[in-house]
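2 protein chains.
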Amino acid sequence: MTEAAPESERPEPLRPGPDHEDENEFGVSPELVNAVRDDLDDGRIGEVEAVVSDLHAADLADLVEQIGPEHRGALIDILRPQFDGEIFAYLSQSLREMVLDQLEPREIAAAVAELESDDAIDLIEDLDADQQREILENLPPETRALVEEGLTFPEYSAGRLMSRDLVSVPQFWTVGKTLDYLRTETDNLPEDFYDIFIVDPMHKVVGAIPLSRIMRQKRSVKVGDILTEDIRTITATTDQEEVAFLFRQYGLVSAPVVDGNGRLLGVITVDDVVDVIDEEAEDDLLKLSGVPDTDIYRAVLDTTRSRFTWLFINLLTAILASSVIALFEATIEQIVALAVLMPIVASMGGNAGTQTLTVTVRALAMRELSNTNAVRVVAKEALVGTINGTLFAVIIGLVAGFWFQDHLLGIVIASAMIINLFIAGLCGTLIPLGLARLKIDPAVASAVFLTTVTDVVGFFAFLGLAALILM
Amino acid sequence: MTEAAPESERPEPLRPGPDHEDENEFGVSPELVNAVRDDLDDGRIGEVEAVVSDLHAADLADLVEQIGPEHRGALIDILRPQFDGEIFAYLSQSLREMVLDQLEPREIAAAVAELESDDAIDLIEDLDADQQREILENLPPETRALVEEGLTFPEYSAGRLMSRDLVSVPQFWTVGKTLDYLRTETDNLPEDFYDIFIVDPMHKVVGAIPLSRIMRQKRSVKVGDILTEDIRTITATTDQEEVAFLFRQYGLVSAPVVDGNGRLLGVITVDDVVDVIDEEAEDDLLKLSGVPDTDIYRAVLDTTRSRFTWLFINLLTAILASSVIALFEATIEQIVALAVLMPIVASMGGNAGTQTLTVTVRALAMRELSNTNAVRVVAKEALVGTINGTLFAVIIGLVAGFWFQDHLLGIVIASAMIINLFIAGLCGTLIPLGLARLKIDPAVASAVFLTTVTDVVGFFAFLGLAALILM
Numbered sequence: 001m002t003e004a005a006p007e008s009e010r011p012e013p014l015r016p017g018p019d020h021e022d023e024n025e026f027g028v029s030p031e032l033v034n035a036v037r038d039d040l041d042d043g044r045i046g047e048v049e050a051v052v053s054d055l056h057a058a059d060l061a062d063l064v065e066q067i068g069p070e071h072r073g074a075l076i077d078i079l080r081p082q083f084d085g086e087i088f089a090y091l092s093q094s095l096r097e098m099v100l101d102q103l104e105p106r107e108i109a110a111a112v113a114e115l116e117s118d119d120a121i122d123l124i125e126d127l128d129a130d131q132q133r134e135i136l137e138n139l140p141p142e143t144r145a146l147v148e149e150g151l152t153f154p155e156y157s158a159g160r161l162m163s164r165d166l167v168s169v170p171q172f173w174t175v176g177k178t179l180d181y182l183r184t185e186t187d188n189l190p191e192d193f194y195d196i197f198i199v200d201p202m203h204k205v206v207g208a209i210p211l212s213r214i215m216r217q218k219r220s221v222k223v224g225d226i227l228t229e230d231i232r233t234i235t236a237t238t239d240q241e242e243v244a245f246l247f248r249q250y251g252l253v254s255a256p257v258v259d260g261n262g263r264l265l266g267v268i269t270v271d272d273v274v275d276v277i278d279e280e281a282e283d284d285l286l287k288l289s290g291v292p293d294t295d296i297y298r299a300v301l302d303t304t305r306s307r308f309t310w311l312f313i314n315l316l317t318a319i320l321a322s323s324v325i326a327l328f329e330a331t332i333e334q335i336v337a338l339a340v341l342m343p344i345v346a347s348m349g350g351n352a353g354t355q356t357l358t359v360t361v362r363a364l365a366m367r368e369l370s371n372t373n374a375v376r377v378v379a380k381e382a383l384v385g386t387i388n389g390t391l392f393a394v395i396i397g398l399v400a401g402f403w404f405q406d407h408l409l410g411i412v413i414a415s416a417m418i419i420n421l422f423i424a425g426l427c428g429t430l431i432p433l434g435l436a437r438l439k440i441d442p443a444v445a446s447a448v449f450l451t452t453v454t455d456v457v458g459f460f461a462f463l464g465l466a467a468l469i470l471m
Numbered sequence: 001m002t003e004a005a006p007e008s009e010r011p012e013p014l015r016p017g018p019d020h021e022d023e024n025e026f027g028v029s030p031e032l033v034n035a036v037r038d039d040l041d042d043g044r045i046g047e048v049e050a051v052v053s054d055l056h057a058a059d060l061a062d063l064v065e066q067i068g069p070e071h072r073g074a075l076i077d078i079l080r081p082q083f084d085g086e087i088f089a090y091l092s093q094s095l096r097e098m099v100l101d102q103l104e105p106r107e108i109a110a111a112v113a114e115l116e117s118d119d120a121i122d123l124i125e126d127l128d129a130d131q132q133r134e135i136l137e138n139l140p141p142e143t144r145a146l147v148e149e150g151l152t153f154p155e156y157s158a159g160r161l162m163s164r165d166l167v168s169v170p171q172f173w174t175v176g177k178t179l180d181y182l183r184t185e186t187d188n189l190p191e192d193f194y195d196i197f198i199v200d201p202m203h204k205v206v207g208a209i210p211l212s213r214i215m216r217q218k219r220s221v222k223v224g225d226i227l228t229e230d231i232r233t234i235t236a237t238t239d240q241e242e243v244a245f246l247f248r249q250y251g252l253v254s255a256p257v258v259d260g261n262g263r264l265l266g267v268i269t270v271d272d273v274v275d276v277i278d279e280e281a282e283d284d285l286l287k288l289s290g291v292p293d294t295d296i297y298r299a300v301l302d303t304t305r306s307r308f309t310w311l312f313i314n315l316l317t318a319i320l321a322s323s324v325i326a327l328f329e330a331t332i333e334q335i336v337a338l339a340v341l342m343p344i345v346a347s348m349g350g351n352a353g354t355q356t357l358t359v360t361v362r363a364l365a366m367r368e369l370s371n372t373n374a375v376r377v378v379a380k381e382a383l384v385g386t387i388n389g390t391l392f393a394v395i396i397g398l399v400a401g402f403w404f405q406d407h408l409l410g411i412v413i414a415s416a417m418i419i420n421l422f423i424a425g426l427c428g429t430l431i432p433l434g435l436a437r438l439k440i441d442p443a444v445a446s447a448v449f450l451t452t453v454t455d456v457v458g459f460f461a462f463l464g465l466a467a468l469i470l471m
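If you read the protein sequences in the order shown, they are chains H and E. The numbering of the first sequence is the UniProt record's numbering, which starts it at 1 and goes up by one. The numbering of the second sequence is the UniProt record's numbering, which starts it at 1 and goes up by one.
A portion of the hints provided could be inaccurate.
[Said to hold, decoys possible] Taking lysine to any residue pairs in the SDA-like style, the calculated list, with each CA pair at most 20 Å apart, reads:
#	chain 1	residue 1	chain 2	residue 2
1	E	Lys177	H	Ser212
2	E	Lys218	H	Glu191
3	E	Lys222	H	Pro81
4	E	Lys222	H	Arg183
5	H	Lys218	E	Leu179
6	E	Lys177	H	Arg216
7	H	Lys177	E	Ser212
8	H	Lys222	H	Gln171
9	E	Lys177	H	Arg183
10	H	Lys439	H	Asp283
11	H	Lys218	H	Thr174
12	H	Lys177	E	Lys439
13	H	Lys177	E	Leu189
14	E	Lys177	H	Leu179
15	H	Lys218	E	Arg216
16	H	Lys218	E	Leu189
17	E	Lys222	E	Thr174
18	E	Lys177	H	Lys439
19	E	Lys222	H	Leu179
20	H	Lys218	H	Leu179
21	E	Lys218	H	Thr184
22	E	Lys439	H	Pro30
23	H	Lys218	E	Thr184
24	E	Lys218	H	Asp187
25	E	Lys218	H	Asp283
26	H	Lys177	E	Leu179
27	E	Lys218	H	Glu185
28	H	Lys218	E	Ser212
29	H	Lys439	E	Ser29
30	E	Lys218	H	Asp180
31	H	Lys222	E	Thr174
32	E	Lys177	H	Asp283
33	H	Lys218	E	Glu191
Simulated from the structure, these hints should not be mistaken for laboratory data. Since we're looking at a predicted model, the values are computed, not measured.
All chains should be built: construct the whole structure from the sequences, respecting the hints.
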């Protein structure tokens, strides 16, 4: 036997292994981005072409995003002769528009024609009517028909998410006939699939067989005898949030989409759902902070405009809070310590309320909160607010009493703290629950309402009690 | 031909279709929860047993969660004779602990023995050492060995996520031999799988073949000739966040996990990754609001304690802001209008900064922000802050000038607004970027630093300028 090869000569694993310290094991590295920038600066087009030809569409999209505005145009010019339509699926919204503007309708149509129907719809649905028409006219008739049909389903519905490429066989077929069909019909089948759907003569779904199970069966068995009847069927008009819930809840990999009569239309696979889950979680986060529909690649003026609305609403609520303070000008004039201490009560209320609000909004999104436990959760949060309010009342009461050598002032701020943290717990749950019942997205509007309440109550309780007790 | 059956007699689709108006198409309905409560109250154990025997483990977990503390014990007593271990995978953390406390170690071990090794590890890793030992001792030796080995991998690593049940065949096998192996070895194969991994004699992964592709091949073809070499291999020590990135980036359904020498250890499937993606997105949201590690089922005192820390830090920063105000007591004593207006500047700064912060934290998590574009993003956000600051300076300057009939006061608040919104944009990006560089999770600590800065700068700029200009 020969000796084992020394460490350095051993074959490399397919991808960097554990010796590789860099966290960015996968994806586009900053070094790659910089190298492409340098190549573009120095006009080494051939080298850039070589680099991009090796990249997955998702990595190409990252490269387009990260290369920056100075080099982006030149990079796209290199990609445009055979622009990979899949790149669009991975590009952030604002860059997608930018790239579409740079390409000719004919080039876009060529890229779209290569896509599966769900990706094509995902791209085209965001364009304006003129652009849509122009691209649709340049598509091959069959793709065009599928895309146009897909666009008839409501936005954010299963009908838009689903792919039309699927494998379905009649229930009277045998395993052997099905396997032969898969082997001969290669060109008409989707590249990857995980379930074979079984349909009756009306093309209604009667069940499914996962690939990993049909392979273990004898050729003579009828598919109708081994199918799983208990599958989750999605109607085309179902909201994508519902679809995401279904996949997450039951750990699905693919699910059939049917029309109102139960007839098989398409299939949704888990990779499409991962995007939806990502978007929905991100949506909650961004909406709660008042930055809906954004990404870091948006232009300055666009970004400014999108933030303005939320800040303007906040200005109005801040002025409302100020007018509460104005009611007590005379009191503050006599006891300036009130002006010093008053932001503390409002700020603690806002923070405690936001904690409760975030938990509530997330529980609503994850369907952990419903009519069956709403009362209990509201009561619990109000109680948590009161307990923490009492603890912080003791702390801030002592701090304020010693700071201004006035124990009555300590009692005033302590009382205001308890009131505001109780209100914060109550409103942190009631506001999102109320909005949800009114079918308003609680993530969007809750935070404004909540901080208005905690500011107004915080200032009013503190200054009002001060006017009553200290004057 | 007979007439079409009238609407009501047509066979129902497998699951409620589009006529079904209720949004809760899937999962446990509030009606079901209430029915089970009533049955438990009236001692109709048999009816509860009938209901639960039909439910998927995920729905059972939802039922345990939503039924409420008064009925939970009774429900678990009904489930315990054949407690389905999969329920644990779907239960929220705090209820998982509660249920584990109610079951005997022997019952838990019986439930765990039924689980795939990744789910078993997910359950056991959170227990204390005594509980772990007790359950491990009650497991069948083979399961126990797998679980113990899994626990040797770092928390949140691919090694903990992976399942040991997979299908691998040597590269010299033919398609026919592989298919025969799948058909005869049914008992030793995982229930569902999507890829067949091809290994060399050292058990190193050399490639993979998706099931949907091997089925289309002739029996005589060698698997080594049709395998996909360009697969993404994950080392067992890789962080789960990295794994989620990989699945999301390339739309994977399963990926092989290898040891430091490239030898095949296990497989990660997309359903495990969906959970990770959910957790990570939720983590960012909850951490930004100061409520890490929480769920709505946590007990009152636990919840109070977990919120206290964050609120205490906020109290310290609020006191810091107050001490800035205290510097200007003499100024406020003479111009009380300052006390009325001063929260506006601080509040607008806090909100504008939070908008920027949220976008930045999310972009860091999604790896859209790196060294290659950090400078540009910081500059852009500072510019956006300055532009919005100028717009709001005009608005608030006019409002304050008219309100207090003092145009100099208007100029003071306008100037403070520009300064604070510029600082908000700058710090909303620099703070999370700085924390990320220091390897501190930017979602946890950013918000406290940011609001401290915008409060202190807001009060100092406004009151300081007032002292300079108005006195």
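Hint check against the structure, violated hint numbers in rising order: The structure breaks hints 3, 12, 13, 18, 25, 31, 32; every other hint is satisfied.
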